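There are 4 protein chains.
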Amino acid sequence: MCRFVIYKGTEPVQLSHLLTRPCHSIINQSFDSRLRLDHRRPINGDGFGVGWYDPVYDEELGSQPCIFTSVTPAWNNVNLLRLAEKTKSPLVFAHVRATTAGTLSLDNCHPWSFGKLMFMHNGGIAEFHRIKRKLQNSLSDELFNMVTGNTDSQWSFALLLSKLPDPNAKGFTPSILQRAMLETIAHINALLEEANITEPSLMNFCVTDGETVVATRYISSRTDEAASLWFSSGSTFSEYAEGGHYKMSKTDKRENIILIASEPLTFEKADWMEIRTNHMVVITPKMNLLQIPIIDKFYTPPSDPKSPTRDSEFAATKGFLIPRRESHPRSPASSLQNGSH
Amino acid sequence: MCRFVIYKGTEPVQLSHLLTRPCHSIINQSFDSRLRLDHRRPINGDGFGVGWYDPVYDEELGSQPCIFTSVTPAWNNVNLLRLAEKTKSPLVFAHVRATTAGTLSLDNCHPWSFGKLMFMHNGGIAEFHRIKRKLQNSLSDELFNMVTGNTDSQWSFALLLSKLPDPNAKGFTPSILQRAMLETIAHINALLEEANITEPSLMNFCVTDGETVVATRYISSRTDEAASLWFSSGSTFSEYAEGGHYKMSKTDKRENIILIASEPLTFEKADWMEIRTNHMVVITPKMNLLQIPIIDKFYTPPSDPKSPTRDSEFAATKGFLIPRRESHPRSPASSLQNGSH
Amino acid sequence: MCRFVIYKGTEPVQLSHLLTRPCHSIINQSFDSRLRLDHRRPINGDGFGVGWYDPVYDEELGSQPCIFTSVTPAWNNVNLLRLAEKTKSPLVFAHVRATTAGTLSLDNCHPWSFGKLMFMHNGGIAEFHRIKRKLQNSLSDELFNMVTGNTDSQWSFALLLSKLPDPNAKGFTPSILQRAMLETIAHINALLEEANITEPSLMNFCVTDGETVVATRYISSRTDEAASLWFSSGSTFSEYAEGGHYKMSKTDKRENIILIASEPLTFEKADWMEIRTNHMVVITPKMNLLQIPIIDKFYTPPSDPKSPTRDSEFAATKGFLIPRRESHPRSPASSLQNGSH
Amino acid sequence: MCRFVIYKGTEPVQLSHLLTRPCHSIINQSFDSRLRLDHRRPINGDGFGVGWYDPVYDEELGSQPCIFTSVTPAWNNVNLLRLAEKTKSPLVFAHVRATTAGTLSLDNCHPWSFGKLMFMHNGGIAEFHRIKRKLQNSLSDELFNMVTGNTDSQWSFALLLSKLPDPNAKGFTPSILQRAMLETIAHINALLEEANITEPSLMNFCVTDGETVVATRYISSRTDEAASLWFSSGSTFSEYAEGGHYKMSKTDKRENIILIASEPLTFEKADWMEIRTNHMVVITPKMNLLQIPIIDKFYTPPSDPKSPTRDSEFAATKGFLIPRRESHPRSPASSLQNGSH
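Residue numbers (our numbering), protein chains in the order written: chain A, 1 to 341; chain B, 1 to 341; chain C, 1 to 341; chain D, 1 to 341.
No lab work stands behind these hints: they were computed from the structure.
The reader is advised that the hints may include incorrect statements.
Note that identical chains are pooled: a pair holds if it fits in a single copy or bridges any two copies.
[Stated by the list, open to error] Only pairs whose alpha carbons sit at most 30 Å apart, straight line, appear in this in silico DSS-like list of lysine-lysine:
#1 K132 <-> K163
#2 K88 <-> K116
#3 K247 <-> K318
#4 K253 <-> K286
#5 K163 <-> K134
#6 K269 <-> K250
#7 K253 <-> K88
Note that the structure is predicted; figures quoted are calculated from it, not measured.
Whenever a hint applies, use it, and build me the whole structure from the sequences.
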């Protein structure tokens with residue numbers, strides 16, 4: 001059971017507003033018993049990572065992100081607390097991790113970077129050890145040797161890099177990143193099928209080059225729901241009441257902030273819209289948010305009455321989804337898909 | 001919110017049976033949402049320690065306990081997992097800790113030792129910073145400089161050592177340890193009173209010299225319940241069903257094992273008896289278990305109809321007690337107090 | 001045996017140029033056998049810390065420094081390597097530590113901060129445990145409780161704060177910081193004398209408020225040399241040859257950079273001048289460097305022919321000084337003392 | 001530059017006598033500047049591990065070794081200091097590591113175990129990343145997935161396991177272990193040759209099943225010396241002078257203790273004999289020590305006048321050998337080779 005959050009804003013955010021101060025930040029979510037459904041290993045105390053890009057480009061510092069990772073619990077890491085108070089960034093990935101796969105090691109902490117690219121994953125690839133070697137054998141030496149850890153997630157990142165025309169390129173268009181993401185998922189699906197692995201794999205992947213963000217909510221199943229994924233957008237994300245109570249507000253028509261998170265970061269449910277299962281969301285450099293279906297054999301058109309209702313039990317059992325008890329507002333996805341949002 | 005457990009047996013126990021394998025061990029209790037009531041900091045992921053004595057005395061190895069501590073979560077500590085599988089001991093203290101006081105540091109992990117003595121604490125001394133200097137000033141230089149951390153607990157241990165005729169003595173009688181414990185509590189109470197601190201202090205202290213164990217369930221209040229404390233005794237403590245389901249059984253009349261714990265370690269409620277608030281329990285070298293009232297101004301005789309019913313809310317709010325919802329079997333304390341148990 | 005370095009520049013420096021890239025940075029000095037003279041514990045692998053101020057004031061981020069500390073060796077800390085590549089600052093304190101006093105714990109890693117003030121120490125106070133309580137008892141509750149570790153260094157910082165008119169003030173003049181520093185040393189000397197401690201204490205202290213830097217090279221002895229302290233100034237500090245070979249150069253008349261370090265950071269000896277024993281150096285907000293004698297009973301005027309020649313053996317034995325074998329250029333101190341530098 | 005030591009004795013040794021107390025133990029060797037020849041990364045502060053077998057077989061505890069590893073420097077690890085004082089074992093592997101390959105992670109710390117087998121390595125396989133995939137592809141799924149780290153050493157252990165008739169067997173004869181070791185080296189050599197890697201590889205490997213020990217001093221070169229390897233045997237290994245000065249003494253005819261180490265652990269040079277380059281040493285369950293040549297294309301008969309004199313520069317540059325300045329006594333190898341020792 002991992003959790004992640006993505007922040008992209010026209011203005012940089014102080015990391016503490018995202019990570020340490022909100023009472024429902026991904027770090028503090030670990031404390032909220034309502035979320036603790038993975039009884040195998042219910043606490044995200046096994047590793048933490050945050051990566052961020054500079055607010056202003058500095059030639060000496062370069063365009064790669066800075067990454068801070070930790071194997072001690074995030075809520076008690078004095079270095080994280082101090083850095084979060086003193087750092088601002090317009091684009092942040094943060095991830096808390098339970099060791100569903102891989103040992104407790106900095107090498108296994110998300111996010112990872114390669115040049116200016118950064119990647120993280122929430123979910124798990126079923127019986128990954130059975131496809132690991134085939135996946136590895138498809139990589140170039142450079143990408144094979146880049147992987148220092150032993151998780152399905154980091155190998156998926158290496159695979160994604162292999163799908164780029166040039167992983168060392170100076171820049172990437174949104175469409176190049178989208179295509180690499182789709183090919184990564186397709187490649188993993190092919191390996192799983194070849195190995196006759198039928199248990200669904202949860203592939204909520206996120207990648208960014210510092211300008212575009214591509215994230216997926218995906219499961220290799222026609223009948224199960226993917227791990228949860230939400231977004232919220234507005235003009236300011238701030239504390240409205242003492243004790244870390246944050247909300248997103250829309251003080252003007254412009255949308256300056258987009259948050260994508262495995263769970264809503266605030267208790268204002270109306271502010272959060274669910275991303276649809278087996279869809280990809282793209283935040284463009286100009287802050288448009290697109291939601292695009294991932295159409296393959298696991299896709300079920302939401303509007304088609306013949307589509308099966310996806311069951312949330314699988315993802316819930318794995319700890320990646322909270323069964324819906326209250327009625328959440330549905331995402332007005334149509335307005336998203338045409339990119340007008 | 002901390003948790004601890006004490007094991008004393010006529011036969012050594014493999015530490016894994018106490019720490020890592022039972023699904024309701026103190027390490028795994030961190031996962032059980034029913035116990036997570038301290039919303040300020042509900043997870044015991046902030047430090048861990050276990051101390052144990054050798055099964056057989058070896059002159060070269062000496063009579064002091066061995067202590068292993070960790071600031072990474074216990075459930076994911078490979079060294080702990082390996083040691084627990086390969087170590088047996090007839091007398092074990094184990095403690096998981098949340099940083100209610102003191103920073104995250106090995107120096108602040110319980111238990112601590114001094115010569116052959118070992119000590120741990122579950123609870124907290126109210127506004128300790130206001131009495132810390134006075135407490136320190138009452139210590140000898142040796143004991144003042146022994147303290148490497150910054151917790152109320154470790155300073156309480158130093159104070160307890162100062163109450164012994166000779167903390168470096170080769171052995172201690174049960175009555176010497178009991179008296180030192182009572183004087184420690186009385187001294188802390190005096191300091192609190194002098195500083196006009198009225199919030200209750202939770203003083204579940206445990207000390208052992210490797211033969212006798214003295215533990216307290218104590219609160220400096222006439223109207224509140226102390227942090228919870230339970231015991232169980234029997235002839236074998238073993239797994240009766242796969243998945244870490246342990247129970248205490250009594251295969252013969254002899255009682256070879258006594259467990260004292262902040263929470264029952266098994267789901268067999270009948271096996272666990274609650275130690276009364278403001279009582280001290282003593283396990284003698286010969287495995288007798290005595291329960292002795294701590295009679296001071298905070299004592300309320302349980303049999304006296306004029307005694308107020310203690311309120312569990314204070315300890316519960318602090319995370320040291322689970323409000324009783326189901327009816328637990330009450331401890332047959334009378335048989336304990338006369339030491340016949 | 002610790003090492004430290006201070007950087008103050010009119011332009012911010014990328015931390016990697018100070019910490020990780022130079023082959024003779026304080027981190028890499030640990031590898032250079034010529035410096036390894038403390039045979040008791042010769043490697044600075046026991047803790048590391050770096051603190052820095054923002055290049056540009058940001059109201060949200062405030063004026064306090066950011067501090068990163070580590071108990072794993074600095075040369076292998078991926079977080080430090082990544083942060084050093086992505087951070088620039090005009091005022092940096094960095095410190096590597098061997099546990100000559102205090103246990104291995106983040107609480108014991110230099111530098112420490114309090115509001116906008118930052119402090120570090122190279123040296124050791126003789127028999128500190130014998131004066132610790134008296135020192136503590138002279139502090140206010142706020143300062144007494146601020147100390148989380150157990151080193152002579154952190155307690156010295158608390159003492160220095162107690163010498164300020166208001167440690168929480170928004171700003172400090174150079175003269176206020178200088179006076180607090182002198183009073184701190186005088187107070188420690190008084191405590192040492194009262195306790196009849198005759199072994200010299202090494203008090204190379206550094207404090208800054210983000211604008212002024214005050215550093216001392218001081219020993220409580222008339223006949224021994226203090227721990228070494230050097231400075232270098234120039235207009236650029238950069239790599240002149242591959243492999244981390246750095247030098248200070250003076251491309252124009254202005255001096256934009258001042259480095260103060262326990263050992264020269266480059267092999268260009270002519271670039272480094274020794275700060276005199278029992279002197280205080282001050283870097284003013286406008287980048288003037290003053291060298292001021294600390295005149296007390298341990299002071300020996302360097303120009304006075306009756307002054308004893310100080311012996312470097314004591315500091316060398318403790319690992320804080322490298323006995324002079326080659327002739328170093330002497331510091332042209334006269335020009336410094338009048339502040340014209 | 002790593003260091004290791006093997007202890008095998010008829011009596012168990014207190015680990016502190018091997019690890020923490022001797023002033024020239026592998027942990028303290030890190031401090032001795034004479035050994036610091038690897039200027040790329042000269043300090044063994046990057047990881048530590050010790051593995052040991054129980055003195056007496058206990059059915060519940062099993063026959064696998066217990067392993068303690070650490071990524072903080074061994075000399076400052078309180079858990080190691082405490083365990084070493086309280087643990088005795090008749091067969092110990094200990095290893096200090098510099099990250100010549102692999103990141104700083106517990107997964108990468110030697111020794112590793114598999115069932116009752118334990119393995120460690122001193123040296124490095126040249127351009128390992130170029131043969132890593134081929135090596136991996138020769139393994140069974142069980143062994144492929146056993147590897148949690150990313151070092152040449154751990155993959156070599158997996159390869160060695162693959163050479164055993166059954167790596168999960170209850171016991172192994174000396175000849176089975178010897179053959180697996182030889183096949184491992186031959187397999188690695190074949191992979192290196194296939195990839196046209198000509199730089200020599202340093203393969204000082206050690207494996208044990210708790211009864212037999214097989215260690216190699218090997219380099220894939222006809223003209224270079226292998227990483228250093230020494231042994232010493234006697235009846236007691238004890239401190240003869242305060243300050244951690246240990247020596248091996250022979251109080252009777254029996255040899256109860258055999259030490260194998262990358263560097264002599266004492267300053268008594270006469271007590272240490274060098275193991276010959278490209279030889280394998282075997283300690284049998286009955287404490288016989290055999291030295292057997294590894295005859296392949298890199299073997300040069302020491303007695304053959306046509307054999308080239310091996311050059312120590314390669315291993316020295318890598319930090320695995322100290323160039324001989326003083327004349328060490330040569331090993332009387334003839335008596336060893338026939339196993340009469």
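Hints, one by one, checked against the model:
1. For a Cα distance limit of 30 Å, the shortest separation of K132 from K163 qualifies both inside one copy, at 17 Å, and across copies, at 22 Å.
2. In this assembly of identical chains, the alpha carbons of K88 and K116 lie at most 30 Å apart whether taken from the same copy (18 Å) or from different copies (19 Å).
3. Taking the shortest alpha-carbon separations for K247 and K318, both the intra-copy value of 29 Å and the inter-copy value of 28 Å come in at or below 30 Å.
4. Only within a single protomer do K253 and K286 lie at most 30 Å apart by alpha-carbon distance; the minimum there is 15 Å, versus 46 Å between protomers.
5. Within a single copy, K163 and K134 get their C-alpha atoms as close as 16 Å, and across copies as close as 23 Å, so both meet the 30 Å cut-off.
6. Taking the shortest Cα distances, K269 and K250 sit within 30 Å of each other inside one copy (15 Å), while across copies they are farther apart (53 Å).
7. In the homo-oligomer, the alpha carbons of K253 and K88 lie at most 30 Å apart inside one protomer (24 Å), although the nearest pairing across protomers, at 36 Å, exceeds that limit.
Figure legend: structure checked against the earlier numbered hints; every hint is met.
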